[in-house]
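Q: Below are the chains, spelled out letter by letter.
Number of protein chains: 2
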Amino acid sequence: MMNEPKQMHLQEKIFLLLRQQILDGALSSGTRLLPSRVMAEELGVSRNTVLVAVERLVAEGYVVAKTGSGCYVNDNVALGTNATASLGAIAPTGFMPYRSDIVDFKSGLPDLSVFPVKRFGQLYRDVMDHITPAELGYGAPEGHIELRREIATYLQTYRGVRCDPASILITSGTTQAIGIAGSALFEGQSHPLAVIENPITVDIRRILQKLGAEIYPVPTDQWGLCTSALPSHKAPRCIYVTPSHQYPLGAILSAKRRVKLIEYAQKSNCYIVEDDYDSEYRFDGHPISAVQGLCPKRVIYIGTFSKTLSPALRIGYLVLPPSLIAGARQMKWLTDLHNSVFDQLVLARFIRGGHYYRHLMKMKKRYRSKRDFLLACLQQHMGERAKIIGENAGLHLCVQFPGVVFSKNLLDNLEQAGVRVYPVWEHAGTDTSFDDTIILGFGMLSPEKIDKGIGILKQILL
Amino acid sequence: MMNEPKQMHLQEKIFLLLRQQILDGALSSGTRLLPSRVMAEELGVSRNTVLVAVERLVAEGYVVAKTGSGCYVNDNVALGTNATASLGAIAPTGFMPYRSDIVDFKSGLPDLSVFPVKRFGQLYRDVMDHITPAELGYGAPEGHIELRREIATYLQTYRGVRCDPASILITSGTTQAIGIAGSALFEGQSHPLAVIENPITVDIRRILQKLGAEIYPVPTDQWGLCTSALPSHKAPRCIYVTPSHQYPLGAILSAKRRVKLIEYAQKSNCYIVEDDYDSEYRFDGHPISAVQGLCPKRVIYIGTFSKTLSPALRIGYLVLPPSLIAGARQMKWLTDLHNSVFDQLVLARFIRGGHYYRHLMKMKKRYRSKRDFLLACLQQHMGERAKIIGENAGLHLCVQFPGVVFSKNLLDNLEQAGVRVYPVWEHAGTDTSFDDTIILGFGMLSPEKIDKGIGILKQILL
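First to last, the protein sequences are chains A and B. Here the first sequence is numbered in my numbering, starting from 1 and rising by one per residue. Here the second sequence is numbered in my numbering, starting from 463 and rising by one per residue.
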């Protein structure tokens, strides 16, 4: 029935019209349809159009054709009730898109104005030119070997991660990586305990809860997760940490605590989930190597391209200890089989060609100067009133304003004045000790916008 | 530290070497490191390379620099145990890739040799040339509006689905669509009952079970799901059906049973999940309209591009009743936020340009002639011994060989002889009544391969 859409439309309309009358009971069981010639005249269409529509009613069993006598409405094909009433109003959802019309300090967004669109366009065309029928079919849940190879090389060289392509599983970003790691970890466990940092991205808490974990928040300070506060009453199944750049407070987990964390995990026979979401950008000195490199058997490592390239790509990955590889692959298979092969191949070739490394270098310079500019603006406008936290790395920093409470009301006022900032309390559960602290993402913002935003912030707050 | 990879490598090696010695305790707490000049000579590298490595050890807290005195190993940074032992062997997984070296009758694969690679390559480049920074950021969980618009138009015109872009949610294929629909349906329900057809794709059963549903299989016959066998003791939460082309047996749900199904769903206040996976290919007459069009409030409709274009694309969708839209968006967000924006935009433009409709027309002709050829081969080689089932639609048909049992042993023998076929019992749970029936997918196979495969089948079976 692959006619052109326009012709289709007319036959379809007639078919739908008649079917509706049958379903509603307007054309009741046993009723003879008008002869096709008459119906065609009445509707002002060709007889052929009517014949196709009626043929379809016959094919679907709404109508029975009796040779030499015509077409009759079948028995028991009317609906008793109001089933076909029109759709109700659509409920709105709560996902806030980035606002480019004001100064939006949303964190975790890279500078998308310099995403290498041309290079990606070329690579997509190259990939499509040379893709094989086998690659166009169903792939492996762990992801395409080309991409896993490139990620393994990158992680070994730049992040001190001990891995090979077989320990990597490609995911649709960090969110899915957490879901898959959590499903593999919690399978068959009753009431598993999951330690998280406090504060921590609110969605991470939600995802782990949805997977059935009991949440145990542990405080963080300027050296990261307070390992002395890890639970002693019950062994957790996993400890979720952001050691390279704690989200949102920005601490870097100290070497001593790294060792303590691993020792704790070994003693209590649990896993460390290391979320290394924007570790590529450390501005003061060398990037900190991953905890995974210290103890690959105990650490599930999560990485993403959302902060280095674009969240629109939806590619992240897990580095798994051998004990969890089979389980995680099974979970990925039952979640969505595998990632888009086209995107995986393009990204693999982008890395292999050296473009990724060059992009990282370029972006690091760019973010450093944005950060420096933001720090200068804060110093100039706020002086001693603003206490800066976690400014050594990443795409955001935090600012504490002692005495201020960032209530919903205040946040709304700020947004109306033209600046959107994000409160830490959103990520702190019931803990109110961060009510005076906000997160300022600067990856997407120009110096002009940063200056304007901090200016507005000063007017409202001080 | 975005140096060139080669230079990086040397510094990295020295850093890792020293760190390993510290972690192992070979360089114990308080030990003074060799002066950088000495170490450089010993290792045969430049002094600068050593300095960078040592600086990094200091930055990460493994080593403390004392002015004028040198660098010392820090306290409490050694690991007591064997934590860094090498990774064990990787467990293999059970996902069978398509075998192109033999005749593989895997079902559900389109003919990937004619996938429009050139057109997709062009479209990807066009999309990348014109993409906006906003589109490169985080998107909406329901998917890009351009693609949802195109899908709505397609479904209204070709499938009789009553929807608008707001009722559509883009997913990463059917697998994820089931997971999201199931999560939204089962949330807050204790021991929800899910009716499935028997037989049904084994993974669908697994996914629904993983989501906590109790499974209630209902038999199918030549008119599809036996609506008279729907449960009366307890209202199910959902009924999972493949009405356009039952998988694997190929029946088309009759009009009478469609009405019965909807009446049952209304009476028992449950939802119908309509999996419309390869409805585009009906060879004898008009395609059957979707059940959704009869009762949009009670039906969750699932569609996919895996059978019409390529599974490598990983795009499918849900059409949701208003009551489930918000819940399903929330589930998508917590699963993987949203699909790749690049793939969504390319697919939207592929449909809008009319290419999708032309591709469907072309493929339908192609599959019809493959099916006809397969039927002719079966008739020629097997005659009365083979009973054909479900040949009117889709990318596969079933063949029953009364008296034959397709044991694992027999399947292995067939594969060794050069033909892989798929048993229905794999999808039938504990029901043994399909032990004599196999699934033959023909989408990917050339006439030569089909002929060869049926020839081998005859040799082994008859």
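For the record, the hints were derived by calculation from the structure and aren't laboratory data. We put the beta carbon where it would ideally sit given N, CA and C, even for glycine. Treat the hints with caution; some may be incorrect.
One side only, chain A facing chain B, incomplete, derived with CB under 8 Å [claimed, not checked]:
#1 L10
#2 E12
#3 G25
#4 S29
#5 G179
#6 I215
#7 P217
#8 P219
#9 D221
#10 Q222
#11 T308
#12 S310
Pulled from the structure, derived: some chain B residues nowhere near chain A, Cβ distances all over 12 Å [said to hold, decoys possible]:
#13 G506
#14 L519
#15 V579
#16 E676
#17 I750
#18 P773
#19 H843
#20 E846
#21 G865
#22 P909
#23 L924
Q: Now tell me, hint by hint, if it's right for this structure.
A: Hint check results:
Given the 8 Å rule on beta carbons, the hint for L10 (chain A) is violated: about 11 Å separates it from the nearest Cβ of chain B. Given the 8 Å rule on beta carbons, the hint for E12 (chain A) holds: about 6 Å separates it from the nearest Cβ of chain B. Because the smallest distance between the Cβ of G25 (chain A) and any Cβ of chain B comes to about 12 Å, over 8 Å, the interface hint for this residue is violated. The restraint placing S29 (chain A) at the interface with chain B is violated, with a minimum CB-CB distance near 11 Å, outside the 8 Å limit.
Proximity of G179 (chain A) to chain B holds as hinted, the smallest CB-CB distance being about 6 Å (cut-off 8 Å). With 8 Å as the threshold, the beta carbon of I215 (chain A) stays out of range of chain B, its nearest partner Cβ sitting at about 15 Å, so the hint is violated. With a least beta-carbon distance of about 19 Å to chain B, the hint placing P217 (chain A) at the interface is violated under the 8 Å criterion. The closest approach between the C-beta of P219 (chain A) and any C-beta of chain B is roughly 20 Å, which is over the 8 Å cut-off, so the hint fails.
The restraint placing D221 (chain A) at the interface with chain B is violated, with a minimum CB-CB distance near 15 Å, outside the 8 Å limit. Contact between Q222 (chain A) and chain B, as hinted, is not supported at the beta carbon level, the nearest pair being about 13 Å apart and thus beyond 8 Å. Annotation: T308 (chain A) was flagged as interfacial toward chain B, and the flag is violated, the nearest CB pair being 11 Å apart, outside 8 Å. The closest approach between the C-beta of S310 (chain A) and any C-beta of chain B is roughly 5 Å, which is under the 8 Å cut-off, so the hint is satisfied.
No Cβ of chain A approaches the Cβ of G506 (chain B) within 12 Å, the least distance being about 21 Å, so the stated non-interface status holds. For L519 (chain B), the non-interface assignment is contradicted: its Cβ lies about 9 Å from the closest Cβ of chain A, within the 12 Å cut-off. The Cβ of V579 (chain B) does not lie farther than 12 Å from every Cβ of chain A; its closest approach is about 5 Å, which violates its non-interface assignment. The beta carbon of E676 (chain B) sits about 17 Å from the closest Cβ of chain A, which is more than 12 Å, so the claim that it is off the interface holds.
With a least beta-carbon separation of about 6 Å from chain A, I750 (chain B) fails to lie farther than 12 Å from that chain, contradicting its non-interface assignment. Listed as a non-interface residue, P773 (chain B) fails to keep its Cβ farther than 12 Å from every Cβ of chain A; the least gap is roughly 5 Å. Listed as outside the interface, H843 (chain B) is consistent with that label: its C-beta sits roughly 27 Å from the nearest C-beta of chain A, beyond the 12 Å cut-off. The beta carbon of E846 (chain B) sits about 29 Å from the closest Cβ of chain A, which is more than 12 Å, so the claim that it is off the interface holds.
The Cβ of G865 (chain B) lies farther than 12 Å from every Cβ of chain A, with a closest approach of about 33 Å, so its non-interface assignment holds. The claim that P909 (chain B) lies off the interface holds: its Cβ sits roughly 17 Å from the closest Cβ of chain A, which is beyond the 12 Å cut-off. At roughly 31 Å, the least C-beta separation between L924 (chain B) and chain A is larger than 12 Å, which holds for a residue marked as non-interface.
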